[in-house]
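> For the protein sequence lines, the chains are A and B, in the order given. Its first residue numbered 17, the first sequence is counted upward by one per residue in our numbering. Its first residue numbered 17, the second sequence is counted upward by one per residue in our numbering.
Check the hints yourself; a few may be wrong.
As the list claims (entries may be wrong) - Think about it this way: if two alpha-carbon atoms lie no more than 30 Å apart in a straight line, the pair counts; the simulated DSS-like pairs of lysine-lysine are:
#  : chain 1 : residue 1 : chain 2 : residue 2
1  : B       : Lys111    : B       : Lys367
2  : B       : Lys212    : B       : Lys66
3  : A       : Lys302    : B       : Lys374
4  : B       : Lys111    : A       : Lys419
5  : B       : Lys376    : B       : Lys399
6  : B       : Lys97     : A       : Lys85
7  : A       : Lys419    : B       : Lys374
8  : B       : Lys101    : B       : Lys399
9  : B       : Lys66     : B       : Lys101
10 : A       : Lys419    : B       : Lys66
11 : B       : Lys108    : B       : Lys85
12 : A       : Lys85     : B       : Lys376
13 : A       : Lys212    : B       : Lys66
Since the hints were derived computationally from the structure, they do not count as laboratory data.
Protein chains: 2
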Amino acid sequence: MAKRKVLIAQGGGPTAVINESLVGAVLKSRDYDSAGAVYGAFHGVSGILKEDFINLSQESPENLENVAKTPCSALGSTRDKPDEKYCQEIFKVLKAHDIGTFCYIGGNDSSDTLRILAEEGRSADYALRCVHIPKTIDNDLTVNDHTPGFPSAAKFVASAFAGVNLDNRALSGVYVGVVMGRHAGFLTAAAALGRKFDDDGPHLIYLPERDFSMDTFISDVKAANDKYGRCVIAVSEGIHDAAGAPIVTKLAQEVERDAHGNVQLSGTGALADLLCDAIREGTGLKRVRGDTFGYLQRSFLGCVSDVDQREARAVGEVAIEHALGGDRDGTVTIHRTGGGASYGAEYKLSKLEDVAGKTKVMADEFIASSNSDITDAFADYLKPLLGSDMPEPYRLEAERVGKILGK
Amino acid sequence: MAKRKVLIAQGGGPTAVINESLVGAVLKSRDYDSAGAVYGAFHGVSGILKEDFINLSQESPENLENVAKTPCSALGSTRDKPDEKYCQEIFKVLKAHDIGTFCYIGGNDSSDTLRILAEEGRSADYALRCVHIPKTIDNDLTVNDHTPGFPSAAKFVASAFAGVNLDNRALSGVYVGVVMGRHAGFLTAAAALGRKFDDDGPHLIYLPERDFSMDTFISDVKAANDKYGRCVIAVSEGIHDAAGAPIVTKLAQEVERDAHGNVQLSGTGALADLLCDAIREGTGLKRVRGDTFGYLQRSFLGCVSDVDQREARAVGEVAIEHALGGDRDGTVTIHRTGGGASYGAEYKLSKLEDVAGKTKVMADEFIASSNSDITDAFADYLKPLLGSDMPEPYRLEAERVGKILGK
Numbered sequence: 017m018a019k020r021k022v023l024i025a026q027g028g029g030p031t032a033v034i035n036e037s038l039v040g041a042v043l044k045s046r047d048y049d050s051a052g053a054v055y056g057a058f059h060g061v062s063g064i065l066k067e068d069f070i071n072l073s074q075e076s077p078e079n080l081e082n083v084a085k086t087p088c089s090a091l092g093s094t095r096d097k098p099d100e101k102y103c104q105e106i107f108k109v110l111k112a113h114d115i116g117t118f119c120y121i122g123g124n125d126s127s128d129t130l131r132i133l134a135e136e137g138r139s140a141d142y143a144l145r146c147v148h149i150p151k152t153i154d155n156d157l158t159v160n161d162h163t164p165g166f167p168s169a170a171k172f173v174a175s176a177f178a179g180v181n182l183d184n185r186a187l188s189g190v191y192v193g194v195v196m197g198r199h200a201g202f203l204t205a206a207a208a209l210g211r212k213f214d215d216d217g218p219h220l221i222y223l224p225e226r227d228f229s230m231d232t233f234i235s236d237v238k239a240a241n242d243k244y245g246r247c248v249i250a251v252s253e254g255i256h257d258a259a260g261a262p263i264v265t266k267l268a269q270e271v272e273r274d275a276h277g278n279v280q281l282s283g284t285g286a287l288a289d290l291l292c293d294a295i296r297e298g299t300g301l302k303r304v305r306g307d308t309f310g311y312l313q314r315s316f317l318g319c320v321s322d323v324d325q326r327e328a329r330a331v332g333e334v335a336i337e338h339a340l341g342g343d344r345d346g347t348v349t350i351h352r353t354g355g356g357a358s359y360g361a362e363y364k365l366s367k368l369e370d371v372a373g374k375t376k377v378m379a380d381e382f383i384a385s386s387n388s389d390i391t392d393a394f395a396d397y398l399k400p401l402l403g404s405d406m407p408e409p410y411r412l413e414a415e416r417v418g419k420i421l422g423k
Numbered sequence: 017m018a019k020r021k022v023l024i025a026q027g028g029g030p031t032a033v034i035n036e037s038l039v040g041a042v043l044k045s046r047d048y049d050s051a052g053a054v055y056g057a058f059h060g061v062s063g064i065l066k067e068d069f070i071n072l073s074q075e076s077p078e079n080l081e082n083v084a085k086t087p088c089s090a091l092g093s094t095r096d097k098p099d100e101k102y103c104q105e106i107f108k109v110l111k112a113h114d115i116g117t118f119c120y121i122g123g124n125d126s127s128d129t130l131r132i133l134a135e136e137g138r139s140a141d142y143a144l145r146c147v148h149i150p151k152t153i154d155n156d157l158t159v160n161d162h163t164p165g166f167p168s169a170a171k172f173v174a175s176a177f178a179g180v181n182l183d184n185r186a187l188s189g190v191y192v193g194v195v196m197g198r199h200a201g202f203l204t205a206a207a208a209l210g211r212k213f214d215d216d217g218p219h220l221i222y223l224p225e226r227d228f229s230m231d232t233f234i235s236d237v238k239a240a241n242d243k244y245g246r247c248v249i250a251v252s253e254g255i256h257d258a259a260g261a262p263i264v265t266k267l268a269q270e271v272e273r274d275a276h277g278n279v280q281l282s283g284t285g286a287l288a289d290l291l292c293d294a295i296r297e298g299t300g301l302k303r304v305r306g307d308t309f310g311y312l313q314r315s316f317l318g319c320v321s322d323v324d325q326r327e328a329r330a331v332g333e334v335a336i337e338h339a340l341g342g343d344r345d346g347t348v349t350i351h352r353t354g355g356g357a358s359y360g361a362e363y364k365l366s367k368l369e370d371v372a373g374k375t376k377v378m379a380d381e382f383i384a385s386s387n388s389d390i391t392d393a394f395a396d397y398l399k400p401l402l403g404s405d406m407p408e409p410y411r412l413e414a415e416r417v418g419k420i421l422g423k
């Protein structure tokens, strides 16, 4: 049997561990005699059209291991979503380079691209194995228990809120932190994992799975501030009103829209500033501060979950095992084998159409009935994913001294 | 000699290592038989007025070590700047509790408070040792080579820019990151330490030590984007025009001012959004994103320089040695004993009035003649402070594959 090449590409938003999957796939390919050279396409499917390939078979294991530990798509990424015509152009290039396997590391859009390519390949009678390797900080892929990239981003968000809670405790006021997530609130909900003591923030958490009402929000903030003398709030960038309109559009006269007509949510502090203004106006509180976590949460150098690293490596390896060892198309999916301290994960090959273009959001059992917090079930779900070295804050424990002047 | 109590408090903005200084002072006090109980005042000088004290002598070494590793003032903080009358109220409380030594961990405001207290003590014939323990992420204290808290915040900023540079390389566009620093640009300049390869960002760095011109800024961004096909920019929140007016005020109709009349710069995304709009309008570029690093850079749980930890511990210890062992007032200052790999620091006791109320900014030799970058001298200055485990990004090294279709 002639050796045919393997092509790997990365699509969509980068994550802290997306290169673990790349390196897992590259190194695993070296176990198969049937595999020819392993190519990487720069900037996802857009690089395929341009024949912008690198020969990953030349990479030393040492450099690959260093790249694996580096955040953000080493091959570059793209937001392109190929249609049928785009796919036909892709086939011309794959054919010219004799590529027999295409592994695409990405979210539900990338999965959908592979679904189309696999179908087109069958109609065109071009033998192509298409295997999707999951990745997204949004944690919104169906079938999967969770997705590589999410645990590390969640660790960043939990660490950030643990820190701003301490900051807010030292200099009290109201703090709003805006977290990525258009439709799924998993990453925002991770803010809760920064809590340790009963009065720790975030005291309020707002997710896109629930309609957002400004009146309820203001009265929630008032109540929390009355109770704690301060208030830390985690908000998803995707919060929307009952009609589905993003809250951020209430401020912006002109909003930026992407190629799919979605309002641009990241890369602007508008939502945090809008909410801070509303709090000042609605509560009369003066020290109100807002941060938008932005791109740091998916790219920060040096904040990674070791569980996430291992799993991201594994899904890359498993993809190659199915493509080269099993001659199968599909999407690698992660399934939990045990909870809490006995946490474990196993990997299956699922159908591309079961994940492609679909979005998972948080289950009702993960969201508190107040609609402004998460449940213990969510904390139990997320905790083992954060890895072995999540830092923990401590407090002074000694007693207060009796007053002498007592004024 | 009767044992008199030691009082410790923390003032101003929290840092990642401010509790190392607290714990250093508490544990070192235990070496002195002359020291009575060690009290901590909650929320700085404001807690003294309220007699809001904790007896730190009851704290176990184990818990103190855990607190030392926790970011943000464990005793809470304050923005109060006492005047003469306030100081007289403080004396009443110190006298009532028989406090003979007051160590205040803070920046130039806290140092000034101690200067006033020491003077008032002498006029009131109240025997009080006042020792200032330096702390500030702004790195703006005179006499000091650098200040505890700055290296850890600098590591956060460098790690963040190393990450967003990778993100921006994967999905190209223009990225603006706004960093804390009203008058001193040290922390913004730290962004440059995230660079490794020649084409790495930040490609442009704007500091409050130089006047900011929007026209020059736009043409700088155009030129950098033409050269690199993308552009990462680090901006200090304190940038101002030639007349000294903060750039952020150009947007905001109503700006928030603090008790000292300073425009509120942190806790809002306004400056990043203003600059992004200006770039879109001035260059026609479409993918322009802005983040404001906000409170994360001084509080993030789990990003700390080990050099900073050690030095913050040491300044707390040295303060007690001078107060209890030497019976002297002053401010502990850090001095560099060697550069590069032979980096070392020594600690002296300087006069309170040499640091109190003064602000150090970046030396001209640290700022490139372009006014939009730093010099190698600054990189050499900062690098040893970032500690032993600053992560490093890696790239794929293999060759590009020849095009077959060559379109």
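> Looking back at the hints listed earlier, which ones does the structure fail to meet?
Violated: hints 2, 6, 7, 8, 11 and 12.
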